[in-house]
Amino acid sequence: MGILSRKATCNTHGQDSSYFLGWEEYEKNPYDEVKNPDGIIQMGLAENQLSFDLIESWLAKNPEAANFEREGQSIFRELALFQDYHGLPSFKNAMADFMSENRGNRVSFDPKKLVLTAGATSANETLMFCLADPGDAFLLPTPYYPGFDRDLKWRTGVEIVPIQCTSANGFRITKSALEEAYKQAQKLNLKVKGVLITNPSNPLGTTTTRTELNRLLDFVSRKNIHLISDEIYSGTVFTSTGFISVLEVLKEKKLENTDVSKRVHIVYSLSKDLGLPGFRVGVIYSNDDIVVAAATKMSSFGLISSQTQYLLSALLSDKNFTKNYLKENQIRLKNRHDKLVSGLEAVGIECLKSNAGLFCWVDMRHLLRSNTFEAEIELWKKIVYEVKLNISPGSSCHCNEPGWFRVCFANMSEETLKVALIRLKMFVDGPSSTTRSQSEHQRLKTLTKMKVSNWVLRLSFQDREPEER
Amino acid sequence: MLSSKVINESHGQDSSYFLGWQEYEKNPFHETLNPSGIVQMGLAENQLSFDLIESWLDDHPEVLGLKKNEESVFKHLALFQDYHGLPAFKDAMAKFMEKIRGSKVKFNANKMVLTAGSTSANETLMFCLANPGDAFLIPAPYYPGFDRDLKWRTGVEIVPIHCVSSNGYKITKEALEDAYERAHKLNLNVKGVLITNPSNPLGTSTTRGELDLLLTFTSAKKIHMVSDEIYSGTVFDSPEFTSVLEVAKDKNMDLDEKIHVVYSLSKDLGLPGFRVGLIYSNNEKVVSAATKMSSFGLISSQTQHLLANLLSDERFTTKYLEVNRKRLRERRDRLVSGLKKAGIGCLKSNGGLFCWVDLRHLLKSNTFEAEHSLWTKIVCEVGLNISPGSSCHSDEPGWFRVCFANMSDQTLGVAMDRVHGFVEAMVMNTNHGKQKRTMWDSRRRSLINKWVSKLSSVQCESER
Numbered sequence: 001m002g003i004l005s006r007k008a009t010c011n012t013h014g015q016d017s018s019y020f021l022g023w024e025e026y027e028k029n030p031y032d033e034v035k036n037p038d039g040i041i042q043m044g045l046a047e048n049q050l051s052f053d054l055i056e057s058w059l060a061k062n063p064e065a066a067n068f069e070r071e072g073q074s075i076f077r078e079l080a081l082f083q084d085y086h087g088l089p090s091f092k093n094a095m096a097d098f099m100s101e102n103r104g105n106r107v108s109f110d111p112k113k114l115v116l117t118a119g120a121t122s123a124n125e126t127l128m129f130c131l132a133d134p135g136d137a138f139l140l141p142t143p144y145y146p147g148f149d150r151d152l153k154w155r156t157g158v159e160i161v162p163i164q165c166t167s168a169n170g171f172r173i174t175k176s177a178l179e180e181a182y183k184q185a186q187k188l189n190l191k192v193k194g195v196l197i198t199n200p201s202n203p204l205g206t207t208t209t210r211t212e213l214n215r216l217l218d219f220v221s222r223k224n225i226h227l228i229s230d231e232i233y234s235g236t237v238f239t240s241t242g243f244i245s246v247l248e249v250l251k252e253k254k255l256e257n258t259d260v261s262k263r264v265h266i267v268y269s270l271s272k273d274l275g276l277p278g279f280r281v282g283v284i285y286s287n288d289d290i291v292v293a294a295a296t297k298m299s300s301f302g303l304i305s306s307q308t309q310y311l312l313s314a315l316l317s318d319k320n321f322t323k324n325y326l327k328e329n330q331i332r333l334k335n336r337h338d339k340l341v342s343g344l345e346a347v348g349i350e351c352l353k354s355n356a357g358l359f360c361w362v363d364m365r366h367l368l369r370s371n372t373f374e375a376e377i378e379l380w381k382k383i384v385y386e387v388k389l390n391i392s393p394g395s396s397c398h399c400n401e402p403g404w405f406r407v408c409f410a411n412m413s414e415e416t417l418k419v420a421l422i423r424l425k426m427f428v429d430g431p432s433s434t435t436r437s438q439s440e441h442q443r444l445k446t447l448t449k450m451k452v453s454n455w456v457l458r459l460s461f462q463d464r465e466p467e468e469r
Numbered sequence: 001m002l003s004s005k006v007i008n009e010s011h012g013q014d015s016s017y018f019l020g021w022q023e024y025e026k027n028p029f030h031e032t033l034n035p036s037g038i039v040q041m042g043l044a045e046n047q048l049s050f051d052l053i054e055s056w057l058d059d060h061p062e063v064l065g066l067k068k069n070e071e072s073v074f075k076h077l078a079l080f081q082d083y084h085g086l087p088a089f090k091d092a093m094a095k096f097m098e099k100i101r102g103s104k105v106k107f108n109a110n111k112m113v114l115t116a117g118s119t120s121a122n123e124t125l126m127f128c129l130a131n132p133g134d135a136f137l138i139p140a141p142y143y144p145g146f147d148r149d150l151k152w153r154t155g156v157e158i159v160p161i162h163c164v165s166s167n168g169y170k171i172t173k174e175a176l177e178d179a180y181e182r183a184h185k186l187n188l189n190v191k192g193v194l195i196t197n198p199s200n201p202l203g204t205s206t207t208r209g210e211l212d213l214l215l216t217f218t219s220a221k222k223i224h225m226v227s228d229e230i231y232s233g234t235v236f237d238s239p240e241f242t243s244v245l246e247v248a249k250d251k252n253m254d255l256d257e258k259i260h261v262v263y264s265l266s267k268d269l270g271l272p273g274f275r276v277g278l279i280y281s282n283n284e285k286v287v288s289a290a291t292k293m294s295s296f297g298l299i300s301s302q303t304q305h306l307l308a309n310l311l312s313d314e315r316f317t318t319k320y321l322e323v324n325r326k327r328l329r330e331r332r333d334r335l336v337s338g339l340k341k342a343g344i345g346c347l348k349s350n351g352g353l354f355c356w357v358d359l360r361h362l363l364k365s366n367t368f369e370a371e372h373s374l375w376t377k378i379v380c381e382v383g384l385n386i387s388p389g390s391s392c393h394s395d396e397p398g399w400f401r402v403c404f405a406n407m408s409d410q411t412l413g414v415a416m417d418r419v420h421g422f423v424e425a426m427v428m429n430t431n432h433g434k435q436k437r438t439m440w441d442s443r444r445r446s447l448i449n450k451w452v453s454k455l456s457s458v459q460c461e462s463e464r
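Protein chains in written order, with UniProt numbering: chain A, 1 to 469; chain B, 1 to 464.
The set of hints was computed from the structure by calculation and includes no laboratory data. Treat the hints with caution; some may be incorrect.
When the alpha-carbon atoms are kept at most 27 Å apart in a straight line, the in silico DSSO-like pairs for lysine-lysine are as follows [claimed, not checked]: (1) B:Lys340 <-> A:Lys35; (2) A:Lys388 <-> B:Lys75; (3) B:Lys340 <-> B:Lys104; (4) B:Lys221 <-> B:Lys249; (5) B:Lys319 <-> B:Lys104; (6) B:Lys75 <-> A:Lys28; (7) A:Lys61 <-> A:Lys175; (8) B:Lys319 <-> B:Lys170; (9) B:Lys75 <-> A:Lys35; (10) B:Lys104 <-> A:Lys61; (11) A:Lys319 <-> B:Lys319; (12) B:Lys75 <-> A:Lys334; (13) B:Lys26 <-> A:Lys112; (14) A:Lys418 <-> B:Lys75; (15) A:Lys319 <-> B:Lys151; (16) B:Lys221 <-> A:Lys61; (17) A:Lys339 <-> B:Lys75; (18) A:Lys187 <-> A:Lys223; (19) B:Lys249 <-> B:Lys222; (20) A:Lys153 <-> B:Lys151; (21) A:Lys327 <-> B:Lys75; (22) B:Lys221 <-> B:Lys95; (23) A:Lys418 <-> A:Lys327; (24) B:Lys68 <-> A:Lys35; (25) B:Lys26 <-> A:Lys191; (26) B:Lys249 <-> B:Lys111; (27) B:Lys170 <-> B:Lys221; (28) B:Lys95 <-> B:Lys340.
Across the chosen pairs, the derived CB separations fall in these ranges [stated by the list, open to error]: (29) B:Lys75 <-> A:Ser240: 44 to 50 Å; (30) B:Asn110 <-> A:Arg210: 47 to 53 Å; (31) B:Glu70 <-> A:Asn324: 57 to 63 Å; (32) A:Thr209 <-> B:Asn110: 44 to 50 Å; (33) A:Arg222 <-> B:Glu177: 30 to 36 Å; (34) B:Asp313 <-> A:Asn214: 54 to 60 Å; (35) A:Thr9 <-> B:Gly168: 36 to 42 Å; (36) B:Asn110 <-> A:Glu33: 53 to 59 Å.
For each residue, glycine too, the CB sits at the ideal point set by N, CA and C.
Throw the hints in and build the complete structure from the sequences for me.
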């Protein structure tokens, strides 16, 4: 009899070892414009640092919100005691409005169908607990956010079966890929409870098309299963052919108030759009009353601090702020995105054409020694140790084609991005690997061998930062 | 369509609570606006010492303003989602916990895991220490929320350790062995014992003798010892609070990897809304796994920042603990003497935000039906929402948990008047004859029917 649970001693929290290495290297030697200009630049962190000034200036003009005050009166006691898992009404109203605004008010959210959770991490796990039993499966299009291996599977016992998407068609979800995934689950004796998509996608940075959404709704309707749409990046869409939420398509197909609409659930968070991952703000939205009721009770295990609910209810109820923020944030994200894309283009590196997110899905297949994941990891290590950029290898996102990398662009200053691009240029333009001198090869081999054994040693001591989306 | 966790609704939220809560919410007491409403005495909140915190906040406006040495810390906090927690906050919590224990125990921030409330801490510990189908032994009566927190999503079972009023509810060796055997008869693998010290709902701290007994037991059985010390800062009377870690030290078990402590600021500081909990463990693997699991319930960095500042102010924490204890004791004394005047006794307590009240002499019969009947009367006729012992898994009918720290002095006075009135009327009623009893009976029947029909639509939270 083990003294601890199986969950505590196994490795299904899925924290990927290759990440560990990249993170560790970054932490040992983090880039700083002034203090450590030769350090590793963090490009594996999907944070949005571009629009804090907008929030800070709002805070400076509205000190009440952070000071536990409402209309000149202290509400400290009220907030200190407020632990109602139904959430602060003013905050839910503000969130519902904000989410509607994010969708151009083409759909409207009912605050009564909202469940507040401590981050989308908590929301996703909670939905699994509500919709699936241990041993059931959810289908997820690849490539997907590595954190899902932990969030959806670890404590819930739910399995993930990938819906294989490929670069051949821009990683779009096809009917045959869906059917194939479903069959695969059946082969593994897994009962499929639903499909989970991230729209816009992490790591692709693309919004799901209307066609795909229609396809998905048809599929879940036929199979009588759920559809979860994690729309955490919905506010990062920076083109006008913007974001289409699955709720919009439901409306278009006149499927509201039908059985299938009860099986469509949305997850949202303020971690990406507003850049506030530290505040732990997530949301589940569901048309199924029973799901809302159960998830509400489960949210006891991860409620949002009332202090934070109050601050954000004030921020998000300010429609002048939200309108301006969404617009300005999108402009800045597009700007950054374009800089990264053109910088990469200039050195012959293409990206998947994207219109959202805090990262690009970069095609480095032509830099691989061979079309294998070993070659991908080799290239990745080179980029981490030599080019000194921590980026995320596609294999960690379960991509089935080697050579793709996720590169973040919104978690650093413009200057730092320039430095990163210069380094990449030097790497690409510099002596190719086939003409590299013997000694450099030797050095690289020794380095790689050393790091690999370190890596193997550390497999059981993973205690590093949580994954960033 | 949905998971069995949802369909079976084994979150254990007690239906009797529902009625009490619902009645209260329909008709909440207010000193001026609704003086005949129901007084909430089922909520273990500490509302007695907010002024101390408010005055500290007034003196330190830069903390809420997210400034440190005139520099904004907003961006740093906005991005801070490290599940290892804000170092300054963990250090401050460690110091605070040491202070509560009179520095008899040292806490190392590296062995601490922050969670969104102790609700999250307790569930996370279960996920780390037990597999579905395993069991934890818990002394009864216990906090009704454990049925949800420890069992619902984890699949862990609770087997009660029977404690009785005849010996002041002390945990005995026999009771431990008996619980252990019962678990085995049910084919459950016992993974540990979980105690709440001081106890909810009893309001008594676990004695040194009991702690020694518990550690001897868990050590011999090679199982875990979890001590939920959420009320540790509310001990206001002797005996002094003794943490399990103190006794472990005495037994040379202070580095034992099977002893774990849970804490929170919801009771001592009265801040349940801020969701601040923690797990403390010498077991590296537990700390490591629990830290990763805390991703599912991290504390808002905004809140960590506020509390790091508040709790690292030693002058504040020393004064707060002292004043808070004094006020709690005074309140408890008022409740106890008020009840005594009505001929009602309480278990002698030395901590907590409630008293364990003996109403056995008011029961029509020594049964839980009679307890429910009495409780319904107290909620609906006397207008006091208190918690019946059955909801806390008490073995003996007639005990009730009555909270005293979640209301003003005046309101407590009103509650006491009502109790006196009620007891007098009960005495008179036995002399008055059938008429009044029939009226009460039919009203009670209709309320019990309402309760039965609502068994499936539980809506409110269970409070400690």
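- Task: Hint says 53 to 59 Å; check whether the CB-CB distance for asparagine 110 (chain B) and glutamate 33 (chain A) agrees.
- Result: Taking Cβ atoms as reference, asparagine 110 (chain B) and glutamate 33 (chain A) lie about 32 Å apart, which means the hint is violated.
- Message: Tell me if the straight-line CA distance from lysine 340 (chain B) to lysine 104 (chain B) falls inside 27 Å.
- Response: 36 Å, violated
- Task: Starting from lysine 170 (chain B), check that the Cα of lysine 221 (chain B) is at most 27 Å away, please.
- Result: With a Cα-Cα distance of about 20 Å, the restraint between lysine 170 (chain B) and lysine 221 (chain B) holds, given a limit of 27 Å.
- Item | Given pair status - lysine 104 (chain B), lysine 319 (chain B), alpha carbons within 27 Å | Distance ~19 Å between lysine 319 (chain B) and lysine 104 (chain B) Cα, so the pair holds.
- Message: Given the hinted pair lysine 187 (chain A) and lysine 223 (chain A), is their Cα-Cα distance within 27 Å?
- Response: 16 Å, holds
- Restraint check for lysine 340 (chain B) with lysine 35 (chain A), where alpha carbons must lie at most 27 Å apart: 70 Å, violated
- Regarding the pair lysine 104 (chain B) and lysine 61 (chain A), is the alpha-carbon distance no greater than 27 Å? 47 Å, violated
- Task: Compare the distance between the alpha carbons of lysine 153 (chain A) and lysine 151 (chain B) with 27 Å, and conclude whether the hinted pair is satisfied.
- Result: 19 Å, holds
- Item | Pairwise hint evaluation, lysine 222 (chain B) against lysine 249 (chain B), where the allowed Cα distance is 27 Å at most | Cα-Cα ~18 Å, so holds.
- Item | Given pair status - lysine 191 (chain A), lysine 26 (chain B), alpha carbons within 27 Å | Judged against 27 Å, a Cα distance of about 44 Å means the pair is violated.
- Query: Is the straight-line distance between the alpha-carbon of lysine 221 (chain B) and that of lysine 95 (chain B) 27 Å or less?
  - Reply: 33 Å, violated
- Task: Please work out if lysine 388 (chain A) and lysine 75 (chain B) have their alpha carbons no farther apart than 27 Å.
- Result: Holds - the C-alpha atoms of lysine 75 (chain B) and lysine 388 (chain A) are around 25 Å apart, at most 27 Å.
Checked against the numbered hints given earlier, this structure breaks hints 1, 3, 7, 8, 10, 11, 15, 16, 22, 25, 28, 29, 31, 33 and 36; the rest are met.
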